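A.B. asks: Start from chain A and add chain B according to the hints.
There are 2 protein chains.
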Amino acid sequence: MTETRTWVLKKRPTVDIEADTLQLTEYTLPALKDGEFLLRNILLSLDATNRIWMSDWDSYLPPVDLGAGMRGIVVGEVMESRHKDFPKGGLATGVSTWSEYVVSNGAGLQPLAAMPGLKTEDAFGVMAIAGPTAMIGLHDIGRIKKGDTVVVTAAAGAVGMLTGQIARLHGCRTIGIAGGAEKCKWLTEEFGYDHAIDYKKENVEARLKALAPDGVDVHFENVGGAMLDAGLHAMKLGGTVVICGLIASYNSTEPVPGPYNFREVIFKRLRIEGFVCLDYMAKYPEYQQQLGKWILEGKLKYRLHVVDGIEHAVDTLKLLYSGGNHGKLMVRLGADPK
Amino acid sequence: MTETRTWVLKKRPTVDIEADTLQLTEYTLPALKDGEFLLRNILLSLDATNRIWMSDWDSYLPPVDLGAGMRGIVVGEVMESRHKDFPKGGLATGVSTWSEYVVSNGAGLQPLAAMPGLKTEDAFGVMAIAGPTAMIGLHDIGRIKKGDTVVVTAAAGAVGMLTGQIARLHGCRTIGIAGGAEKCKWLTEEFGYDHAIDYKKENVEARLKALAPDGVDVHFENVGGAMLDAGLHAMKLGGTVVICGLIASYNSTEPVPGPYNFREVIFKRLRIEGFVCLDYMAKYPEYQQQLGKWILEGKLKYRLHVVDGIEHAVDTLKLLYSGGNHGKLMVRLGADPK
Numbered sequence: 062m063t064e065t066r067t068w069v070l071k072k073r074p075t076v077d078i079e080a081d082t083l084q085l086t087e088y089t090l091p092a093l094k095d096g097e098f099l100l101r102n103i104l105l106s107l108d109a110t111n112r113i114w115m116s117d118w119d120s121y122l123p124p125v126d127l128g129a130g131m132r133g134i135v136v137g138e139v140m141e142s143r144h145k146d147f148p149k150g151g152l153a154t155g156v157s158t159w160s161e162y163v164v165s166n167g168a169g170l171q172p173l174a175a176m177p178g179l180k181t182e183d184a185f186g187v188m189a190i191a192g193p194t195a196m197i198g199l200h201d202i203g204r205i206k207k208g209d210t211v212v213v214t215a216a217a218g219a220v221g222m223l224t225g226q227i228a229r230l231h232g233c234r235t236i237g238i239a240g241g242a243e244k245c246k247w248l249t250e251e252f253g254y255d256h257a258i259d260y261k262k263e264n265v266e267a268r269l270k271a272l273a274p275d276g277v278d279v280h281f282e283n284v285g286g287a288m289l290d291a292g293l294h295a296m297k298l299g300g301t302v303v304i305c306g307l308i309a310s311y312n313s314t315e316p317v318p319g320p321y322n323f324r325e326v327i328f329k330r331l332r333i334e335g336f337v338c339l340d341y342m343a344k345y346p347e348y349q350q351q352l353g354k355w356i357l358e359g360k361l362k363y364r365l366h367v368v369d370g371i372e373h374a375v376d377t378l379k380l381l382y383s384g385g386n387h388g389k390l391m392v393r394l395g396a397d398p399k
Numbered sequence: 062m063t064e065t066r067t068w069v070l071k072k073r074p075t076v077d078i079e080a081d082t083l084q085l086t087e088y089t090l091p092a093l094k095d096g097e098f099l100l101r102n103i104l105l106s107l108d109a110t111n112r113i114w115m116s117d118w119d120s121y122l123p124p125v126d127l128g129a130g131m132r133g134i135v136v137g138e139v140m141e142s143r144h145k146d147f148p149k150g151g152l153a154t155g156v157s158t159w160s161e162y163v164v165s166n167g168a169g170l171q172p173l174a175a176m177p178g179l180k181t182e183d184a185f186g187v188m189a190i191a192g193p194t195a196m197i198g199l200h201d202i203g204r205i206k207k208g209d210t211v212v213v214t215a216a217a218g219a220v221g222m223l224t225g226q227i228a229r230l231h232g233c234r235t236i237g238i239a240g241g242a243e244k245c246k247w248l249t250e251e252f253g254y255d256h257a258i259d260y261k262k263e264n265v266e267a268r269l270k271a272l273a274p275d276g277v278d279v280h281f282e283n284v285g286g287a288m289l290d291a292g293l294h295a296m297k298l299g300g301t302v303v304i305c306g307l308i309a310s311y312n313s314t315e316p317v318p319g320p321y322n323f324r325e326v327i328f329k330r331l332r333i334e335g336f337v338c339l340d341y342m343a344k345y346p347e348y349q350q351q352l353g354k355w356i357l358e359g360k361l362k363y364r365l366h367v368v369d370g371i372e373h374a375v376d377t378l379k380l381l382y383s384g385g386n387h388g389k390l391m392v393r394l395g396a397d398p399k
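So the sequence lines, in the order shown, correspond to chains A and B. Here the numbering used here = 1-based position in the first sequence + 61. Here the numbering used here = 1-based position in the second sequence + 61.
Calculated from the structure, these hints are not laboratory results. Some hints could be false.
Since the list can't tell identical chains apart, any single copy or any two copies may satisfy a pair.
As a list, the in silico BS3-like pairs of lysine-lysine whose alpha-carbon atoms are at most 30 Å apart [stated by the list, open to error]: (1) K72 <-> K297; (2) K399 <-> K362; (3) K270 <-> K72; (4) K262 <-> K94; (5) K379 <-> K145; (6) K399 <-> K180; (7) K270 <-> K362; (8) K71 <-> K180; (9) K379 <-> K362; (10) K206 <-> K344; (11) K354 <-> K145; (12) K71 <-> K246; (13) K344 <-> K261; (14) K354 <-> K72.
It should be emphasised that the depicted structure is a prediction, and the values quoted were computed from it without experimental measurement.
The following block holds chain A by itself, in its conformation from the complex (with noise of 0.2 Å):
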């Protein structure tokens, strides 16, 4: 009989996730069945999306049911199998719940072979869902090519920083906007971009005129509100704007107006698209060969920000609405396999 913690969804946020939002909740799970698995977490991904899981909005996945525990995005250690594709020992990833331990008849996860000389973090933190979000917005919705001038809000977080490392990799020129001297400095100093704009002391407009004078060719929006504004005016002809995140829009009662200078999308014929990354997880092998074989050569670099213990998880998740996270955000539910 295994004891897990587990948090469940007891009320949906109005505007920010509250004390009485989830619950920290004690179970004994069942013993498995024909079919089912034993999955002990290692790792939690926090993402913004978590937030729309949690509201009853009519969005890409059902709501999270009250009562039920929250669905986040896991690693962990098959610890006892009755499913013949997650045998006994082997790594598991996908979307499972904030808990410790799950039994799971392998929906919505897939098997993770390891891989040699990358820790469970990095190969999680950057291939599970930030380094395929990445690619997917650049390639399969931005379609970037050679010599583009790619623009990225959020570009610090955990795809802002992939996002302009492998749009470098392509042989595009890339402007990171991030929040703070010290981010920034990480956006020219480690993640390779070749410029960094300050939102919280530049005139985000101004310098996209300034350091794209000739407009630009794709914008990577993680954030939505005054940056997106600032970025549609800053558009060259025929511009995409991919559609990653609106972070600014999910603390939300209210409905949140749209870019103020939407007419843009008119004057510059612009394309805005929007995407969800598990609409592409056939592309997903592909894309995260491409990433463990960057990292391993050393062209990618990222910051990962890991929490210890599932009981800061909540907290943690905050941290994404304010800015406060330092890298790809996870929490560590367990050791890693021995």
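C.D. replies: Just chain B now, kept in the frame of chain A:
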């Protein structure tokens, strides 16, 4: 020596077009030089985009200079010519000024073959701008397919009245949105829309959900603002929003908020794409031939709203922004050729 009256831009409008925005001015035209011809304008098209050309926004064409003749799309008759491509007695159409007569070197104009069986106002009203705009939006941007559900805003307007019929000729189901019972009656009884929604009386969002419970494939936007908000909510996953016009935001000094439901671009993985018909001049001959064929076969219905006399041009233009026009709006500047 030819005398002409020309509307000259005197002041950039801040909010609405006012009495001193344009001034009707008399000129004596110079004698023709080599490579020039004298065009007697017959019809002037009034289009929402005229308001954009008066402003000094960074838009898709340079603003009209203060003191210059107001830019407009016309059809006219060549009265004298020293230009080999525009022989005396022929028709010419394209970008000119709000003038009775102009001396032109041909820039922005093309010769127009007379369409047997069609009056000048029909050929010009349907085929010069509105028809090609509808076809570019539906095919090149919207990529409509048989069986698609297509929503059109300002559906009784110059472009909208054609858009629904053309979509239906390609096997789409069509929903038109217009203001008032009379226009809605036109939509279903004359312009072949499957359904009409009266935005002045009905809850557009609720009606769209009821009429398209499986979602809208292509939303063809001519208005912006609240119309687009309602439309975004009704989209199908992976749907396309064609931005043809955003007339709701043209008479504004303040930044106008974009769609409040902008996050649907991610939730529904939408593509939102703007276009300017002048970018697709290469497709005009093909589209115009098809439009002419449909008109002669009686497959395309339309209403023209023709006001006589250059002196009424400014007041007539204002009808577009109040929805006071009843069909494709034009000013007759002179008689048809004999």
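A.B. asks: Pop the pair K354 and K72 into one bin, within, between, both or neither, using alpha-carbon distances up to 30 Å.
C.D. replies: neither (43 Å within a copy, 61 Å between copies)
A.B. asks: For K379 vs K145, is the C-alpha pair at or below 30 Å within one copy, between two copies, both, or neither?
C.D. replies: Answer is neither; intra-copy 38 Å and inter-copy 71 Å both fail.
A.B. asks: Is it within, between, both, or neither for K344 and K261, if the alpha carbons may be no more than 30 Å apart?
C.D. replies: Neither: 36 Å inside a chain and 46 Å across chains, both beyond 30 Å.
A.B. asks: Check K399 against K180 for me: Cα-Cα at most 30 Å, and say if that holds within a copy, between copies, both or neither.
C.D. replies: within (12 Å within a copy, 85 Å between copies)
A.B. asks: Evaluate K270 and K362 at a C-alpha cut-off of 30 Å and name the case that applies: within, between, both or neither.
C.D. replies: within (28 Å within a copy, 47 Å between copies)
A.B. asks: As a check of your reading, is K399 near K362 (CA-CA no more than 30 Å) within one copy, between copies, both or neither?
C.D. replies: within (26 Å within a copy, 75 Å between copies)
A.B. asks: Can you tell me if K262 and K94 fall within 30 Å by alpha carbon in one copy, between copies, both or neither?
C.D. replies: Neither, since 58 Å and 58 Å both go past 30 Å.
A.B. asks: Quick one: K72 to K297, C-alpha cut-off 30 Å, is that within a copy, between copies, both, or neither?
C.D. replies: For K72 and K297, only the inter-copy Cα distance (29 Å) is at most 30 Å; the intra-copy one is 44 Å.
A.B. asks: When Cα atoms must be at most 30 Å apart, do K71 and K180 count as within-copy, between-copy, both, or neither?
C.D. replies: neither (34 Å within a copy, 69 Å between copies)
A.B. asks: As a check of your reading, is K379 near K362 (CA-CA no more than 30 Å) within one copy, between copies, both or neither?
C.D. replies: within (24 Å within a copy, 57 Å between copies)
A.B. asks: Within a copy, between copies, both or neither: where do K71 and K246 come within 30 Å Cα-Cα?
C.D. replies: neither (40 Å within a copy, 50 Å between copies)
A.B. asks: When Cα atoms must be at most 30 Å apart, do K270 and K72 count as within-copy, between-copy, both, or neither?
C.D. replies: between (44 Å within a copy, 28 Å between copies)
Of the hints listed earlier, those the structure fails to meet are numbers 4, 5, 8, 12, 13, 14, in rising order.
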